[in-house]
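Number of protein chains: 2
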Amino acid sequence: MVTRTSDQEIRVAVSTVILTLRRAPVVDQPSLALPLVLRTRDPYQGDWALPGGWLEPDESLEDAAARTLHETTGLSPSYLEQLYAFGAVDRSPSRVVSIVYWALLRSDEVDAQSAAHVASGLAPENVQWFDAAGLPSLAFDHTQIIDYALWRLRNKVGYSRVAHGFLPPTFTLADLREAYEAILGKRLDPANFRRQVETSDTLLPTDEFRTGSHRPARLYRYNDAVELADRGPLAVEEKRTR
Amino acid sequence: MVTRTSDQEIRVAVSTVILTLRRAPVVDQPSLALPLVLRTRDPYQGDWALPGGWLEPDESLEDAAARTLHETTGLSPSYLEQLYAFGAVDRSPSRVVSIVYWALLRSDEVDAQSAAHVASGLAPENVQWFDAAGLPSLAFDHTQIIDYALWRLRNKVGYSRVAHGFLPPTFTLADLREAYEAILGKRLDPANFRRQVETSDTLLPTDEFRTGSHRPARLYRYNDAVELADRGPLAVEEKRTR
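Respectively, the protein sequence lines represent chains L and X.
Residue numbers are given in full-length UniProt numbering: position 99 of the first sequence equals residue 99, and the series is strictly consecutive.
Residue numbers are given in full-length UniProt numbering: position 52 of the second sequence equals residue 52, and the series is strictly consecutive.
If you're looking for bench data, these hints aren't it; they were derived computationally from the structure.
Some hints here could point you the wrong way.
Not close to chain L: a few residues of chain X, all C-beta gaps over 10 Å, as computed [said to hold, decoys possible]:
id: 1; residue: 11
id: 2; residue: 24
id: 3; residue: 44
id: 4; residue: 58
id: 5; residue: 60
id: 6; residue: 87
id: 7; residue: 88
id: 8; residue: 131
id: 9; residue: 139
id: 10; residue: 157
id: 11; residue: 177
id: 12; residue: 213
id: 13; residue: 221
Which stretches of chain L does chain X cover? Using the computed rule of at least three CB atoms under 8 Å from a CB of chain X, they are [unchecked claim]:
id: 14; segment: 9-18
id: 15; segment: 54-60
id: 16; segment: 81-87
id: 17; segment: 190-203
Partner residues are not named here, just some residues of chain X that face chain L (Cβ under 7 Å, in silico) [what the hints assert, rightly or not]:
id: 18; residue: 10
id: 19; residue: 57
id: 20; residue: 83
id: 21; residue: 89
id: 22; residue: 90
id: 23; residue: 95
id: 24; residue: 96
id: 25; residue: 97
id: 26; residue: 99
id: 27; residue: 115
id: 28; residue: 193
id: 29; residue: 234
Yeah, the Cβ is synthetic: ideal placement off N, Cα and C, and Gly gets one too.
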């Protein structure tokens, strides 16, 4: 067996993919958006990149992801989930393994946290939200990382999770369907969608209705009894330490 | 914003959890088993640990997992899936982030690959297979890692996947049910189990039967049309480079 050295010259970074659902002023349908940071130094100076940075020796992976996200964007999701570890040899000019976390945020949470960041005077000018369907040229393998996050979102999330992540505590079935349409990138039949939601136990009808220019629409809430993200044995062990 | 150093003193390791289904000589039911390696140096000298080692600067994460697994155990699964990145600050005396991969192997594959490893004269004496339900004291956070792998196996695998991972190309429903019982740690009702399998499209009946001391039992095979592990955009990008 070959004896290997441990002088690796390999560094560990963290990045985060923060997704929200945003309704542009004129457009009728909401769409997925995420924050990117303009790189002010090499490599990839002048390109956009996911929020992130180096892992410090005294912090856990999730702590590092939360810290670097907050430093650059002011965002503090209550929960970051590990997405994947990206470690291709050529993903960066030097050897960097990046542990990527992700979270879904409601647009009102984004607005409140971003406003607080601006008010604190710490908000850098090099952060910008982009529509997931119209990304600029990205540094490193960050295009691939975002593709993977969007694919996971399309494949793995259920009604409850999307409702919890993107929508306010109560919402109409039209709100939820539009969220799904943004995620899947296609229109869904309203009647079929209603049937599927009503036969699942992840959402519960309330006695309230939204009134306005259309006919009243019943408000739903997600079912707290259905766990949002079951990480099993990791749920306790990896709790954020601060 | 604080400027952080990149002189991290953090090292990257890989480990693998290889699970097989093993039928002990006397016991009627098969059970989950995995290979562990006896540590011959500190830290944790004399304790058992998952196969693994350091990531080299010129190899991908999956390549490193495959290499270190083969060096220690002789095993070469056709496919390793990334399980999780473990990075708690106190998981090792020095700071080590470990990217863990996992695979399911049939017991006949294990036997053939292990025999070839012994014949090559490279087989170390410090590798041993353990019943997942009766593990010894483990180094680092490897008990937690195995708990997480077993939880993922219980929660995420479907009939097809278990059949593909643990069973030969054709198998009886009793074979498959026993595999499930080993994974779930409980007995299942044979009639209910048969009904569930027959209504899923992940397994297909063949025209062959196993005969013997019992009444003939139909052989099934998994449905190749159902993809075993859909990694989406990663499937192409992360293909093993050797």
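Going through the hints against the structure:
1. For residue 11 (chain X), the requirement that its beta carbon stay farther than 10 Å from each beta carbon of chain L is not met, with the minimum near 6 Å.
2. For residue 24 (chain X), the non-interface assignment is confirmed: its Cβ lies about 26 Å from the closest Cβ of chain L, beyond the 10 Å cut-off.
3. The non-interface label for residue 44 (chain X) is consistent with chain L: the shortest C-beta to C-beta separation is roughly 16 Å, beyond 10 Å.
4. With a closest Cβ-Cβ approach of about 6 Å to chain L, residue 58 (chain X) is found to fall inside the 10 Å limit, against its non-interface label.
5. At roughly 6 Å from the closest C-beta of chain L, the C-beta of residue 60 (chain X) falls inside 10 Å, breaking its exclusion from the interface.
6. Its closest Cβ contact with chain L, about 4 Å, brings residue 87 (chain X) to no more than 10 Å, contrary to its assignment away from the interface.
7. The Cβ of residue 88 (chain X) sits about 6 Å from the closest Cβ of chain L, inside the 10 Å cut-off, so the non-interface label is violated.
8. Its beta-carbon lying about 19 Å from the closest one in chain L, residue 131 (chain X) satisfies the requirement of being farther than 10 Å from that chain.
9. For residue 139 (chain X), the shortest C-beta to C-beta distance to chain L comes to about 16 Å, beyond the 10 Å cut-off, and the non-interface label holds.
10. Non-interface call for residue 157 (chain X) relative to chain L: holds, since the shortest CB-CB distance, roughly 14 Å, exceeds 10 Å.
11. Every Cβ of chain L is farther than 10 Å from the Cβ of residue 177 (chain X); the closest lies at roughly 24 Å, confirming the non-interface assignment.
12. Taking the minimum C-beta to C-beta distance to chain L, about 40 Å, the non-interface status of residue 213 (chain X) holds against the 10 Å cut.
13. Remark: the non-interface label on residue 221 (chain X) is consistent with the geometry, its nearest Cβ contact in chain L lying 26 Å away (cut-off 10 Å).
14. With a threshold of 8 Å between beta carbons, the proposed coverage of the segment 9-18 of chain L by chain X holds, since 4 of its residues qualify and at least three are required.
15. Counting residues of the segment 54-60 of chain L whose C-beta lies closer than 8 Å to any C-beta of chain X gives 7; at least three are required, and the coverage claim holds.
16. Beta-carbon proximity to chain X at under 8 Å applies to 4 residues in the segment 81-87 of chain L; the threshold of 3 is reached and the given coverage holds.
17. For the segment 190-203 of chain L, the assignment as covered by chain X is violated, since 0 residues bring a beta-carbon within under 8 Å of that chain's beta-carbons and 3 are needed.
18. For residue 10 (chain X), the shortest C-beta to C-beta distance to chain L is roughly 5 Å, which falls under 7 Å, so the interface hint holds.
19. Annotation: residue 57 (chain X) was flagged as interfacial toward chain L, and the flag holds, the nearest CB pair being 5 Å apart, inside 7 Å.
20. Because the smallest distance between the Cβ of residue 83 (chain X) and any Cβ of chain L comes to about 10 Å, over 7 Å, the interface hint for this residue is violated.
21. About 6 Å separates the beta-carbon of residue 89 (chain X) from the nearest beta-carbon of chain L, less than 7 Å, and the hint is met.
22. This hint is violated: residue 90 (chain X) has a C-beta 9 Å from the nearest C-beta of chain L, more than the 7 Å allowed.
23. The interface hint given for residue 95 (chain X) is met, as the beta carbon of that residue sits about 5 Å from the closest beta carbon of chain L, less than 7 Å.
24. The interface hint given for residue 96 (chain X) is broken, as the beta carbon of that residue sits about 9 Å from the closest beta carbon of chain L, more than 7 Å.
25. Hint on residue 97 (chain X) holds. Least Cβ distance to chain L is approximately 5 Å, under the 7 Å limit.
26. Proximity of residue 99 (chain X) to chain L holds as hinted, the smallest CB-CB distance being about 5 Å (cut-off 7 Å).
27. The beta carbon of residue 115 (chain X) is not positioned within 7 Å of any beta carbon in chain L (closest approach about 19 Å), and the interface hint is therefore violated.
28. Hint status for residue 193 (chain X): violated, given a least beta-carbon distance of 23 Å to chain L, over 7 Å.
29. Hint status for residue 234 (chain X): holds, given a least beta-carbon distance of 6 Å to chain L, under 7 Å.
Hint violations for this structure: numbers 1, 4, 5, 6, 7, 17, 20, 22, 24, 27 and 28, all remaining hints satisfied.
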